[in-house]
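Required output: the full structure, derived from the provided sequences and hints.
Protein chains in written order, with this note's numbering: chain W, 415 to 670; chain H, 310 to 578.
Think of the hints as simulated: they come from the structure by calculation, not from any bench.
Please note that the accuracy of each hint is not assured.
[Unchecked claim] DSSO-like mimics (lysine-lysine), calculated; alpha carbons at most 30 Å apart, straight line: (1) H:K475 <-> W:K431; (2) W:K528 <-> H:K574; (3) W:K509 <-> H:K574; (4) H:K482 <-> W:K446; (5) W:K543 <-> H:K482; (6) H:K475 <-> W:K483; (7) H:K570 <-> W:K544; (8) W:K628 <-> H:K482; (9) W:K600 <-> H:K482; (10) H:K482 <-> W:K519; (11) W:K518 <-> H:K488; (12) W:K509 <-> H:K502; (13) H:K488 <-> W:K488; (14) H:K367 <-> H:K377; (15) H:K314 <-> W:K509; (16) H:K488 <-> W:K431; (17) W:K535 <-> H:K482; (18) H:K494 <-> W:K526; (19) W:K544 <-> H:K482; (20) W:K543 <-> H:K502; (21) H:K488 <-> W:K528; (22) W:K421 <-> H:K475; (23) W:K528 <-> H:K482; (24) H:K494 <-> W:K544; (25) W:K543 <-> H:K494; (26) H:K475 <-> W:K509; (27) W:K509 <-> H:K482; (28) H:K494 <-> W:K509; (29) W:K509 <-> W:K544; (30) H:K488 <-> W:K526; (31) H:K390 <-> H:K509.
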Amino acid sequence: MSVVEIKNLNLIYQSTKSETEALTDINLTIEKEEFVSIVGPSGCGKTTILSLITGLIKPTSGQVLVMGKTPNLKNNFCGYMFQRDNLLPWRTIEKNIYFGLELKKLASKERKEKALDLTNKYGLSEFLKKHPSELSGGMRQRVALIRTLALQPELLLLDEPFSALDYQTRLELCDDIFNIIKTEQKTAILVTHDIQEAISMSDRIIVLSARPGKIKAIHTLDFSPDLTPFERRKTEKAKQLFDVIWQEIQNEKKKI
Amino acid sequence: MKRKKFSAAHYDYLRKYSLRKISILLTQILVLAIFITLWELLSRYEIISSFFFSSPSKIIKTASEMFKSGELVYHSSITLKETFIGFAIATGIGFAVAFVLWCSTFLRSVSEPYLVVLNSLPKIALGPIIIIWFGAGQKAIIVMCILIVIIVTILNILNSFTSCDKQLIALAKSLGANKLQIFAKLILPNSLKDIVSTLKINVGLSWIGAIMGEYLVSRAGLGYLLIYGGQVFNLNLVMTSTVILCVLASIMYLLVAMFEKLMNKFYGK
Ligand SMILES: Nc1ncnc2c1ncn2[C@@H]1O[C@H](COP(=O)(O)OP(=O)(O)OP(=O)(O)O)[C@@H](O)[C@H]1O
Ligand SMILES: [Mg+2]
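Written out as structure tokens, the structure is:
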């Protein structure tokens, strides 16, 4: 069974003043343990695809299936990491990490300890009692990631998770997340503006056209599995692919 | 962690900070002291008429006489009771209505024009109706008090409930939160500051409501003393009642401020 199946999907946002065609005729299947990146010009509907997969919005027409079922907010398989960290300012870091567990009534001691292990790993353990406003953007983003991972989701949806970080942290975090996803055998969809980032982590890259978003190209990557994202970036193959995707997006941007 | 050594500059900063705080407090006390002394001297030497302006010593004398005769406690407790009941009922119901309106966008839109009109209506205009419906007694005073407080409460709290960040709500939804969880874990903590400031406003408004009610109907209470003192030209009584009112209102305000501190501690701010 595929983790995600999207068939003939169309999405139109309605408002009293106008309607916005965000996505047209999207067909996409994502298999278990696949890492898929979505790139495309701003406003082409990348976030919209993720919202559809979690069930935050319903398709105008067509079908979205996650693990063979229509996405259901109450009982979904996704861990959604938003474009913004969305930490609750009044909660400490520790309480923020437990937020998802609390809502899903999964806040067992074991789960909490597992989440705390992750904070150790990411050097956040000394900030557990602090509030989000006392942390840097990079740290906050890591907290948001741990909050997502604490739920042990089947499918990770990452909406530009690294965009708020400095370059150095970004590369580090890329390697870390890549590792976690591979060792935990998760399926992941990454939305990003950074083509290199997409190339360094993905098994497949989907290039969307300018709005209304259509699938313009799909690139399947065949790097040797023991390369880290950082090592991948340095290969000749990565550079060539970068040029191809860059050109594709550039052509789309001209249409806007 | 807390017992770190700080730089000299930090201690210097702390010293300046506490110095400033003390000087503000001292100035505040000084202003009050000067005001009272001037008032006392001016009226004692009849530079201003002590009949029209009374004087601090006369106010203290009247207050202690009223205390001895039991009048002070009697009238104060009546007004306090009305204020407190009005405050509690209006805040409670206002909060509940705001919750219901937050739950249903449909009801919110339906009720909007009514709330706006009720809010801009001067409640004192309803005085005659209230007296006819509830009788010229304490009930009418409490109803007046409730009317003055409740609409503002609904509007303020509802406004705060609906101003929660949409992205946070989307996050909670994506984590499977139901409506009640969203309310308890997002809306309520997010609105805490506004709720406390609404309570503060309500304290003031309930006093207005109770005094206004007493102007309309009562035979007892501080509002009654004010009206009565005015009618018989007993300025000592009027001034004394006003001062008592000031003191009581400050105490109630302090209670709310303490509640606020407690809340902030609870939420670790
Ligand atoms: N709730 C909404 N109502 C109406 N239009 C919307 C809504 N959300 C998004 N849109 C529109 O749909 C289009 C796609 O939005 P989306 O957020 O999916 O883009 P995106 O690819 O994630 O962009 P970015 O890279 O800037 O994050 C945009 O043009 C946006 O204006
Ligand atoms: Mg987006």
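Structure-based check of all given hints:
1. Between the alpha carbons of K475 of chain H and K431 of chain W the distance comes to roughly 20 Å, so the proposed pair stays at or under 30 Å and holds.
2. In summary, the hint linking K528 of chain W to K574 of chain H is supported, as the alpha carbons are separated by about 28 Å, within the 30 Å threshold.
3. The hinted pair formed by K509 of chain W and K574 of chain H meets the criterion: a straight-line CA distance of about 15 Å does not exceed 30 Å.
4. Annotation: proposed proximity of K482 of chain H to K446 of chain W holds, straight-line Cα distance about 25 Å (limit 30 Å).
5. Taken as a hint, the K543 of chain W and K482 of chain H pair is honoured in the structure, with Cα atoms around 25 Å apart against an allowance of 30 Å.
6. Proximity of K475 of chain H to K483 of chain W is assessed by CA-CA distance (about 27 Å); at most 30 Å being required, the pair is judged to hold.
7. Annotation: proposed proximity of K570 of chain H to K544 of chain W holds, straight-line Cα distance about 19 Å (limit 30 Å).
8. Restraint check for K628 of chain W and K482 of chain H: the C-alpha separation of about 27 Å stays at or below 30 Å, so the hint holds.
9. Using a Cα cut-off of 30 Å, the hinted pair K600 of chain W and K482 of chain H holds, with the two alpha carbons roughly 22 Å apart.
10. Straight-line distance between C-alpha atoms of K482 of chain H and K519 of chain W comes to about 14 Å, which keeps the hinted pair within the 30 Å bound.
11. With a C-alpha separation of about 13 Å, the suggested pairing of K518 of chain W with K488 of chain H holds against the 30 Å cut-off.
12. Proximity of K509 of chain W to K502 of chain H is assessed by CA-CA distance (about 20 Å); at most 30 Å being required, the pair is judged to hold.
13. Proposed proximity of K488 of chain H and K488 of chain W is supported: the alpha carbons are some 11 Å apart, at most 30 Å.
14. A threshold of 30 Å between alpha carbons decides the hint, and for K367 of chain H with K377 of chain H the separation of about 15 Å falls inside it, so the pair holds.
15. Between K314 of chain H and K509 of chain W the CA atoms are separated by roughly 29 Å; this keeps the pair inside 30 Å, and the hint holds.
16. Among the hinted pairs, K488 of chain H with K431 of chain W is consistent with the structure: their alpha-carbon atoms are about 29 Å apart, no more than 30 Å.
17. Straight-line distance between C-alpha atoms of K535 of chain W and K482 of chain H comes to about 28 Å, which keeps the hinted pair within the 30 Å bound.
18. Between K494 of chain H and K526 of chain W the CA atoms are separated by roughly 18 Å; this keeps the pair inside 30 Å, and the hint holds.
19. For the suggested pair K544 of chain W and K482 of chain H, the alpha carbons sit about 25 Å apart, so the restraint of at most 30 Å is met.
20. Only pairs whose Cα atoms come within 30 Å are accepted, and K543 of chain W paired with K502 of chain H is accepted, the gap being roughly 21 Å.
21. For the suggested pair K488 of chain H and K528 of chain W, the alpha carbons sit about 28 Å apart, so the restraint of at most 30 Å is met.
22. Between K421 of chain W and K475 of chain H the alpha-carbon distance is near 29 Å, which keeps this suggested pair within the 30 Å criterion.
23. With a C-alpha separation of about 23 Å, the suggested pairing of K528 of chain W with K482 of chain H holds against the 30 Å cut-off.
24. Between the alpha carbons of K494 of chain H and K544 of chain W the distance comes to roughly 19 Å, so the proposed pair stays at or under 30 Å and holds.
25. Under the criterion of a C-alpha separation no larger than 30 Å, the hint pairing K543 of chain W with K494 of chain H is consistent with the structure, at around 18 Å.
26. For the suggested pair K475 of chain H and K509 of chain W, the alpha carbons sit about 20 Å apart, so the restraint of at most 30 Å is met.
27. Only pairs whose Cα atoms come within 30 Å are accepted, and K509 of chain W paired with K482 of chain H is accepted, the gap being roughly 18 Å.
28. With a C-alpha separation of about 11 Å, the suggested pairing of K494 of chain H with K509 of chain W holds against the 30 Å cut-off.
29. Annotation: proposed proximity of K509 of chain W to K544 of chain W holds, straight-line Cα distance about 10 Å (limit 30 Å).
30. With a C-alpha separation of about 24 Å, the suggested pair K488 of chain H and K526 of chain W falls inside the 30 Å cut-off, and the hint holds.
31. The hinted pair formed by K390 of chain H and K509 of chain H meets the criterion: a straight-line CA distance of about 18 Å does not exceed 30 Å.
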